[in-house]
Amino acid sequence: MNPSTAKPVAYTEFHPRWYRPRVSVYWWLGEWRYLRFILRELSSVFVAAFVIATLLGLRALRNGPEAYARFQHRLQSPTAIVLSTISFFFVLFHTITWFNLAPRAMAIRVGGKRLPDFVIAAPNYALWLVVSVAVGWLVLR
Amino acid sequence: MSTQKTSNEALLWMLFSAGGVIAAFLVPVHIFLFGLAFPLGWLEAPSYQHLMQLVRMPAVRMYLFLLCSAPLFHWAHRFRYTLYDGLQVKHLNEVIFILCYGGALLGTAVAGYLLWRMA
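Protein sequences appear in the order of chains A and B.
Straight run, no breaks: the first sequence in the numbering used here ends on number 141.
Straight run, no breaks: the second sequence in the numbering used here ends on number 119.
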């Protein structure tokens, strides 16, 4: 309906029912874009699992060398390796989607023109590389 | 929720965003090293003494605190909305809110306690 010709809404006792089609609980399974969105959101579960594993590792460190050796041994079990592998790929997915969102979050204009997406995303990837190497260097030194 | 006078959504979103940044930059290398490269023997695992030396440094403890705490708030936000939109469990909204942010606060407290007592 054209808004300019629409009459102001007058509410009566006999209010018409809203048109609200029911959305299936599995709406995100039908299309890749939706599934990708849900998978991206679920990457946060693996981020949380990483934090729990890190806290367990810190507790083992605090409890002494034997406790830490036991913790290391548990991380070598096939279950732990499978979980670590899955977590690693989910977290990579988070990193990539997060960096690629940056150009949408900040539209920087230079000389009236919007900077292309990769100019904003690329420094994130470069910094990611630097930070990862720095963490590795500190741990392995 | 309409009776609420002030919204805490802005603060929670900032925590979500900060946690997202920290998780994006730091979690992959941590999982790669401690979850894959060391257990599988691709790289030689650092000794207990070396790790303790690192963890005793205040800057490293601050780093580990942020690495544990902020991503939990990131998780709380995303997980809450995944349940809300994905599974449409809107009637449990308050319970989910309390469990998610309660979990994040609990994890933050545990991280603070462990790192405080690490010396």
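Hints may be right or wrong, so weigh each one.
These stretches of chain A come out as covered by chain B in the derived footprint (C-beta under 8 Å, 3 or more residues) [stated by the list, open to error]: (1) 17-29; (2) 58-65; (3) 108-119; (4) 133-141.
So, partial list: chain A residues that the calculated Cβ filter (under 7 Å) puts toward chain B [what the hints assert, rightly or not]: (5) A48; (6) S87; (7) F93; (8) N100; (9) L101.
Calculated directly from the structure, the hints in this document are not laboratory data.
Given the structure is predicted, the values throughout are model-derived calculations rather than measurements.
The C-beta atom is built at its ideal place from N, Cα and C for all residues, glycine as well.
*Would you list, in rising numerical order, the hints stated earlier that this structure does not obey?*
3, 7, 8, 9
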